[in-house]
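Asks: Protein chains in written order, with numbering that gives the first Met the number 0: chain A, 0 to 364; chain B, 0 to 896; chain C, 0 to 258; chain D, 0 to 312.
Bear in mind the hints are in silico, worked out from the structure with no lab data behind them. Each hint should be verified, as a subset may be incorrect.
Here are the simulated DMTMM-like cross-link-like pairs (lysine to aspartate or glutamate), alpha carbons at most 25 angstroms apart as the crow flies [stated by the list, open to error]: (1) K37/A / E812/B; (2) K224/A / D248/A; (3) K193/D / E186/C; (4) K129/D / D25/C; (5) K65/C / E192/A; (6) K45/A / E253/C; (7) K566/B / E812/B; (8) K30/C / D236/A; (9) K218/A / D248/A; (10) K254/C / E208/D; (11) K116/D / E246/C; (12) K11/D / E186/C; (13) K3/B / D52/B; (14) K238/D / E213/C; (15) K316/A / E208/D; (16) K137/D / E24/C; (17) K250/D / E24/C; (18) K226/A / D248/A; (19) K304/D / E253/C.
The primary structure of each chain is shown beneath.
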Amino acid sequence: MEFTNTTKVFTCIQCGKCTGGCPESGRTPLNVRLIVRKNQFGAQVKNSHLWYCTSCGTCTVRCPRDVKPSEVIFDMRSTLVESGDISTSIQKALENTFLQKNPWGRARSKRAEWAEKSGVAIKHISDTLEKRLLLSCCVHAYDPRCHVIPVNISKLLTYSGIEFGILGEEECCCGNEIRRIGEKGLFEELREENISNFNRYDVREILTLSPHCMNTLKKEYNLPKLKVYHYTQLLWDMIREGVVKIGKDYKKRVAYHDPCFLGKQNGIFEEPRYILKSIEGLELLEFSRSRENSLCCEGGGGRMFYEVEVQYERNAKIRVEEAYELGVQTIVVSCPFCLMTLEEQAVEKGIEVKDISEILVEVLE
Amino acid sequence: MMEKNVLVIGGGIAGISAALELVECGIKVTLVEINPSIGGRMIQLDKTFPTLDCSTCTLSPKMVEVALNKNIELLTLAKPIFVEKKENRFTVKILKKARYVDEKKCTGCGNCFSGCPVYMKSEFNMGLGERKAVYIPFPQAIPNKATIDKRESRPCKANCIQACPINTNVPGYLRLIRDRKPKEAYILIRSTNPLPSTCARVCYAPCEDVCNRGDMDYPIAIRHLKRFAVDNFTIEDLPIPVIQKNEKKVAIIGAGPAGLACAHDLAVKGYNVTVFEAETEPGGMLRYAIPEYRLPKSELRREIQYIRKLGVEFKCNTKIGQDIGLPEIIRQFNAVFIAVGAQKPLKLNIEGEKLDGVLGGIDFLKMVHRGEKVEVGKRCVVIGGGNTAVDCARVALRLGAQDVKIVYRRSREEMPASEEEIDDLIEEGVKIEFLTSPKRFIGRNGKVSEIECVRMELGEPEKDGRRKPIEIVGSNFMMPVDTVIVAVGQIPDTSFIEGSELSTEDNGTLKVDNKTKMTSLPGVFAGGDVVTGPKFVVDAIAHGKKAAINIDRYLRGEELQTFEEEKITQKLTKDEILFLKEKFGRETKVRVPKLEAQDRKKNFFEVMKGYNEGEAILEAQRCLASKIEGCIECGECDKRCEVKAINHEMKDEIIEKDFDALIVATGFDIFDPSDKKEYGYGKYNNVITSIEFERLSSVTGPTGGDIVINGKIPKRFFFIQCVGSRDNQIGARFCSRVCCMYTAKHATIVKDRIKDSKVYVSYIDMRAYGKGYEEFYKSVQEEGVIYIRGIPGEVIEGRDGLIVRVEDILSGELREIEVDVVVLACGIRPKKEIFELSRITNLELDEYGFVKTESHSSSITSVQGIFVCGMAEGPKDIPDTVAQAGEAVASCLEYLL
Amino acid sequence: MNIVVFTKRVAAAQEEELKIVRDGEDLDISKLPFKVNDWDNYAVEEAVKTVEKFGGQVTAISLGDKESDEVLRRSIAMGAKEGLLIRKDDPIFDPAVRANVAFNFIKKHNIVFDAIFTGVQAEDDQFGVFGGYLAALLKIPFASMVIGIDEWKTDHVVVKRELEGGMSERVRIGIPCVLSIQTGINEPRYVSIMGIRKASQVERKVFDGSEYMENIRSSIELLRWSYPPKKEGAKLLSADIDSACRELLEILKEKGVYQ
Amino acid sequence: MSYGLIVADVRKGTFDERNLDLIGFCNILEVDAYILLPKGDYDVDLSYFKRVIRLNMEEADFLNPLNIGAIVEKTIEKFGRPSIIIFSSSSSGMEMASYLAGYFNVPIITDINGLSKEEKVFFKSCYSEKVYAHLRLKNEGFSVLTIRSGSFKQHANKKCEVTETEEMDPPTLSEKRSFLGYVEEEKQEIDITKANFLISIGRGVGKKEEIAGYEELATLLKATLSASRPVIDKQWLPKERQVGTSGKTVKPKVYLAMGISGAFQHIAGMKDSECIIAVNKDPEAPIFQYAHYGIIGDMHKVRDKLKELLKGL
């Protein structure tokens with residue numbers, strides 16, 4: 000296999016910190032350090048090993064040499080993608096994204112189906128004055144479980160008189176996961192399509208619902224003039240400024256699970272917690288592994304579309320067990336990937352998993 | 000040859016070595032050190048590698064040598080702030096920070112530390128131990144003088160101290176509560192108050208009235224915070240001080256707050272104190288007038304019990320002038336303190352006051368508290384508007400009266416009872432008939448059955464500023480009643496003075512010299528309500544304490560002290576308020592927890608409940624004095640310093656001096672691993688840094704050399720190397736050079752001190768350069784220390800300790816190792832101050848911030864006449880540092896001569 | 000060895016609501032995304048795999064509008080040597096016509112091949128005729144539903160054909176021949192966007208489709224479109240488990256998965 | 000009067016039920032049904048046909064598309080031109096039909112599933128059943144048609160009073176294609192994507208011990224067992240049996256989902272199945288929105304009942 004060396008692999012001193020912090024190492028054959036090492040040598044890496052990476056970014060954030068091992072892995076994946084040597088489930092996701100701008104290949108025309116559930120009038124971005132774009136993730140758009148998130152946010156914004164618009168059918172996958180799967184060309188196309196949409200409608204700020212979208216828009220799109228933020232940031236502002244008022248109790252023991260793309264990769268730790276702390280009766284517990292050290296749910300980096308071949312105890316399951324031992328009744332998340340992966344495991348433990356907007360909508364006056 | 004003068008910047012091993020060598024060569028040296036003591040990092044180390052010599056033993060003599068050498072001028076707490084090179088001389092301005100302790104007077108005795116309520120992390124012990132705001136960093140400090148760590152001035156005027164009749168150090172104990180030291184807070188309170196628990200419940204808190212925080216939002220709930228301190232202290236555990244008994248006997252008449260306070264203070268001073276009390280139990284009004292729901296008697300008894308333990312004898316059921324005469328007492332005792340209080344209820348002097356069912360307020364309360372059965376009937380009316388009236392009404396309610404009313408002739412504004420008490424009363428369902436006055440009591444069969452009342456209106460203000468109530472003619476009405484309690488005030492009962500030379504004032508109080516508390520009879524003092532008329536508990540205590548001081552002086556034949564009653568309190572100015580609001584914002588007062596009205600009005604359970612810790616800390620940190628770092632200028636140190644060395648007015652100085660050359664030996668900083676969240680430093684208290692480990696293992700450290708963490712001796716250790724070294728992300732790509740070896744040293748210390756310990760060291764590659772180092776590394780391994788190649792990715796919480804996740808690179812296996820302690824071998828960072836120094840001296844630094852030197856000579860810098868040695872130039876070990884100091888001196892001499 | 004693959008660009012309708020417009024006369028596919036016909040994708044992959052194994056080259060031919068160039072680029076990205084577009088902007092619905100056009104094209108340009116691969120059917124019209132029809136016109140042997148090529152010799156191939164009920168048969172076929180490739184015969188490689196971009200640099204020859212239409216007339220008239228009878232959610236079987244299970248077995252039989 | 004020439008759908012000596020659709024189709028169009036049958040002992044009621052033409056050739060040769068042209072030529076020579084030549088839309092039917100149409104260069108319509116007799120319009124589905132195309136033949140000669148199975152068999156109810164049976168010698172057989180034999184599916188690796196009939200079990204299965212019962216059911220029904228993620232996660236079935244976005248995408252003829260509520264991820268992996276049958280206790284389970292048939296009931300009870308019925312058969 001041939002590797003591109005766009006990263007700083009040669010500054011790697013093989014300290015092993017990447018492996019030591021990797022949420023997949025020890026339980027799966029993924030050894031980040033070894034992959035970087037082999038990359039230094041141009042030696043063979045077993046293809047399948049590359050797909051264990053969840054793109055949580057822990058190795059990259061912590062690497063003392065700033066080698067960006069995640070990027071090394073994405074580069075190597077991209078070699079596989081170029082050679083066409085990828086699993087059918089990943090292939091399907093990519094082809095679907097090419098075709099319908101979402102990895103499930105669901106009709107683009109149904110992208111804004113959630114809007115009907117909101118019960119409020121949702122404008123197209125072109126019909127708005129402030130050009131504040133609410134950008135949903137493909138997951139929000141097509142997973143019925145996650146519809147509630149854009150629905151809640153649009154309700155909250157509408158009731159608070161905050162203008163926003165959506166792209167509707169024109170909305171297009173942000174490509175965060177696509178880039179991490181290694182399909183750089185497709186990522187570029189998605190980026191171009193999105194940017195041309197933003198330009199066409201003179202979008203001024205983008206309210207993202209998924210940390211994954213926020214991440215790529217902020218870091219990989221080069222949009223210096225656009226303000227990109229996550230909805231927890233806006234919600235906290237709204238609470239702090241009294242635009243929305245919390246009027247009811249939420250008498251439960253709650254733990255907030257930091258999504259990798261919001262937390263460790265983008266440093267947004269406090270806003271979601273502020274929101275939860277401002278709710279009467281809610282007892283906010285902390286996972287031992289929280290904030291920068293939050294345990295990856297394993298939803299990202301294409302893992303949503305690709306199941307690795309070894310079987311092991313999933314992080315989501317471990318996470319739910321941690322919550323169980325803490326006595327948590329509700330795990331609160333702010334990322335659709337986390338919502339889906341954790342909820343799947345939490346059902347059996349009798350723990351609820353909720354998006355933070357779901358809680359907020361419950362306690363509003 | 001002209002005398003040469005060299006400035007050495009930095010008092011660590013490099014600076015000390017350089018200074019000592021320079022004076023050897025006849026050069027005069029000024030050694031400036033930014034810290035209060037010289038010694039640098041090396042003095043913090045336990046042992047040095049690879050020889051495992053005691054670091055303190057090696058360095059201390061050199062430090063002493065510096066102190067003793069007349070040719071070394073030592074300036075501590077100092078740093079150069081301006082350097083100008085003129086021809087071959089450097090003009091240097093040195094900022095010498097105020098120490099607030101006169102170095103010449105200070106003997107280093109350490110008395111000042113003990114009273115200081117401000118605990119701070121000890122820099123010497125890397126925060127593992129505490130020091131006070133006034134402190135000497137470590138016993139071997141040079142100079143061995145106290146320093147006050149004053150960082151900013153107190154934003155408030157500390158009126159609370161002034162307003163308190165006994166000058167309680169309120170900011171001090173609030174600070175201690177804030178710092179989770181309620182026991183220390185209690186001790187501080189107790190240092191001026193023998194009845195803290197009582198005051199914590201019933202004091203009228205004049206401190207709160209003048210609290211500057213009240214100028215901003217709400218005054219601090221000081222009394223409740225005192226209550227918190229009291230609740231968190233078991234008085235039974237309070238040790239009896241060593242008392243030097245004398246032969247002198249003092250009689251105290253009346254076991255109320257004044258008497259108790261006086262007895263306490265005199266007993267501590269060694270006097271034989273006998274307290275005469277008419278009632279069956281000591282306590283006075285505290286015992287017999289203040290209701291149980293405000294002050295549980297058990298609390299009072301515990302405080303009195305402590306006074307008994309001090310040797311005070313109580314003679315109860317002994318009424319003066321009845322059971323024993325005053326002259327008799329004066330004859331038997333060397334001094335007397337009269338504190339009988341004001342026990343006689345005032346009368347209304349209206350018709351029917353003698354009827355059955357008409358009771359005096361204080362009499363009523365006493366009856367109840369003696370345990371006598373008092374029938375109040377269904378309808379009870381209390382006449383009066385003071386605290387006694389309120390107490391009577393609430394007691395009557397608790398005794399079963401269904402309809403309790405207070406009749407008061409003025410409006411609520413004029414009511415002298417405390418706001419809080421009035422609120423509670425109304426909450427409990429007592430009605431107040433304002434602007435109403437009784438005209439006469441009408442009886443049936445000799446028992447009161449009705450009151451004829453009349454409505455009042457307010458007229459012109461009287462002398463005391465309150466508006467005079469005037470009867471509204473023809474507004475008379477009848478009020479049916481079963482019991483009437485007249486609580487319109489008390490006066491002292493001074494009948495016992497008959498036949499003595501003592502006399503009373505016109506208002507019936509005992510005549511004393513107000514400034515000394517002595518009566519006209521030498522040796523007979525008086526205080527409390529008997530002198531002042533009904534006042535507050537803390538005023539009585541203050542009198543008792545003042546009397547105690549003067550009784551002591553009297554008995555020792557000293558001149559009596561005169562006490563000024565004047566209180567100066569200062570409000571914040573508008574600008575100050577604005578500034579403080581901006582800085583700290585509005586903070587709501589933490590609500591004082593109390594029993595709900597329906598849960599309390601039928602019983603005598605204590606109404607107020609104490610704060611829990613969280614509430615107390617939250618409230619205490621509102622104190623403006625608690626908002627500042629360092630000294631809060633509470634005055635405790637000053638009180639204790641015998642040589643009066645404390646000087647809060649001291650100012651920073653700038654010393655200007657010329658030098659022929661400079662040697663920079665500013666040393667280094669240690670990487671702060673807080674940002675490496677993955678290691679949990681700051682989150683888990685068993686993750687420590689290597690320098691903290693040094694302190695922990697050092698005999699001069701906080702544990703005296705026992706490696707104890709969280710009260711336990713850890714068995715499993717994990718040392719992580721290269722934390723903050725070879726790290727691009729923090730801009731430190733270099734190897735810190737010393738970590739491999741000092742970690743090996745730590746590992747061997749653990750193995751040596753904890754026999755069955757398990758020690759892991761993780762490393763990237765082993766750097767053991769230097770003579771004997773390789774052998775040292777080998778011997779450490781032979782001791783059973785397990786070296787793992789690979790740096791852990793994270794430290795997470797395990798079932799029974801911390802789990803270190805590390806890839807053993809040599810096997811490619813990810814290991815999750817459970818340990819008790821993780822020690823982070825933090826790397827070397829350039830000293831923060833070097834950047835400033837570089838700016839003022841034009842000294843060039845390398846890309847990391849170390850002083851750039853010529854390649855062939857490691858001490859020659861980019862500026863002629865300025866030399867460098869030690870870590871300021873780059874990471875190196877102690878032998879190299881000392882060697883480089885020598886080289887710097889040699890280069891310097893070469894330059895100078 | 001030369002393999003010609005016919006590949007078609009089709010509208011991807013699976014996820015979409017397909018709108019019938021103009022009173023049933025037309026289908027509105029303007030908003031649908033277009034893609035390569037799934038079966039053709041397998042055919043291209045099989046052709047590429049075959050030449051990778053036995054040498055030779057793959058020529059991809061598409062009959063369609065100018066956008067059909069996309070599927071040629073894709074084929075090239077997968078490994079086809081060249082791409083030929085028989086450009087015909089009006090869609091040809093009748094498979095017989097399509098086969099005749101292809102036949103004329105092959106004859107006119109004297110295209111030499113050892114085998115022609117087509118997909119079993121196209122996703123849009125679902126005729127499944129083109130390969131067989133063309134083979135007959137060319138008078139060369141044919142096999143459809145090919146799910147495996149077991150042997151490839153100079154004069155013949157042995158292929159596996161999919162039959163019903165999980166059965167398959169093995170047949171030997173002389174070369175040249177036409178094979179209609181069934182899905183599942185392989186796992187088509189992923190074609191990355193980069194790959195397609197690179198493929199764009201290979202020239203695709205374009206031929207005017209009308210030139211091959213002489214004397215060809217369609218005999219099929221497409222009258223209109225209609226929606227199939229509307230399906231409303233799941234048809235619930237009896238509440239009684241016994242009868243529900245019996246009904247279930249009936250359905251399985253009807254669907255031909257259980258005899 | 001012209002006739003409809005049915006090319007029999009036979010395989011391994013069996014006369015397939017699908018032929019009934021062809022007969023029904025002829026009946027609706029009111030054309031006489033002629034049938035071409037190879038040598039062999041087929042269990043077929045010949046009274047459906049006006050004429051039965053027994054070809055003196057092996058089944059395998061009969062099913063070879065390269066021979067069908069010559070056979071039809073010979074038939075026409077002998078019996079005149081039919082109006083239509085019809086096949087069933089089976090693997091070989093389609094193969095032969097397309098080749099035959101090309102052989103004569105005549106029009107062909109495949110997979111007919113309905114018709115309007117008056118207009119002579121045939122319906123066929125396009126775009127995966129989304130729409131039907133209404134097609135009319137304009138030609139004068141004959142056409143080739145293939146008929147979707149199950150579409151017309153209910154019309155196969157007309158018997159002919161007289162059935163003429165003719166024997167016919169085959170034409171020269173093509174050597175360019177020869178039948179080598181049937182391939183027995185090697186039962187090595189299970190590939191659920193290739194299965195025709197999947198029984199898929201989900202979280203509702205509850206305990207590992209229950210799995211065996213479903214394996215037995217799958218064996219009885221000759222189905223392949225697959226599962227949704229929770230079952231795979233618990234390692235009750237191997238990874239390769241997982242259906243869903245992160246597992247395999249399947250399109251079997253029948254997908255019998257038992258105890259699967261229908262998470263989005265799962266649906267994405269199976270929604271294109273031809274026929275989805277869902278068994279679930281919860282009538283609100285999302286799977287019912289995608290299923291064609293549903294049984295609201297306990298999956299274990301359904302399993303046991305099915306087993307009972309199958310064993311009793």
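Asks: None of the hints should be skipped; say for each whether it holds.
Replies: Each hint, compared with the structure:
1. Among the hinted pairs, K37/A with E812/B is consistent with the structure: their alpha-carbon atoms are about 16 angstroms apart, no more than 25 angstroms.
2. Annotation: proposed proximity of K224/A to D248/A is violated, straight-line Cα distance about 40 angstroms (limit 25 angstroms).
3. Pair hint K193/D plus E186/C holds up; C-alpha atoms about 12 angstroms apart against a cutoff of 25 angstroms.
4. A threshold of 25 angstroms between alpha carbons decides the hint, and for K129/D with D25/C the separation of about 14 angstroms falls inside it, so the pair holds.
5. Taking the CA atoms of K65/C and E192/A, the gap is about 22 angstroms. The hint holds against a cut of 25 angstroms.
6. A distance of roughly 46 angstroms separates the Cα atoms of K45/A and E253/C; the hinted pair therefore is violated under the 25 angstroms criterion.
7. In summary, the hint linking K566/B to E812/B is not supported, as the alpha carbons are separated by about 74 angstroms, beyond the 25 angstroms threshold.
8. A threshold of 25 angstroms between alpha carbons decides the hint, and for K30/C with D236/A the separation of about 40 angstroms lies outside it, so the pair is violated.
9. For the given pair, K218/A sits about 38 angstroms from D248/A by alpha-carbon distance, which is inconsistent with the 25 angstroms threshold.
10. Between K254/C and E208/D the CA atoms are separated by roughly 31 angstroms; this puts the pair beyond 25 angstroms, and the hint is violated.
11. Under the criterion of a C-alpha separation no larger than 25 angstroms, the hint pairing K116/D with E246/C is inconsistent with the structure, at around 32 angstroms.
12. A C-alpha spacing of about 31 angstroms is found between K11/D and E186/C, which places the hinted pair above 25 angstroms, so the restraint is violated.
13. The suggested pairing of K3/B with D52/B is violated, with an alpha-carbon distance near 35 angstroms, which exceeds 25 angstroms.
14. With a C-alpha separation of about 56 angstroms, the suggested pair K238/D and E213/C falls outside the 25 angstroms cut-off, and the hint is violated.
15. A threshold of 25 angstroms between alpha carbons decides the hint, and for K316/A with E208/D the separation of about 22 angstroms falls inside it, so the pair holds.
16. Taking the CA atoms of K137/D and E24/C, the gap is about 18 angstroms. The hint holds against a cut of 25 angstroms.
17. Our distance criterion of 25 angstroms between C-alpha atoms is broken by K250/D and E24/C, whose separation comes to about 31 angstroms.
18. For the proposed pair K226/A and D248/A, the alpha carbon gap of about 33 angstroms is over 25 angstroms, so the pair is violated.
19. For the hint linking K304/D to E253/C, the alpha-carbon distance of about 20 angstroms falls within 25 angstroms, and the restraint holds.
Hints 2, 6, 7, 8, 9, 10, 11, 12, 13, 14, 17, 18 from the list above are not met by this structure, while the remaining hints are.
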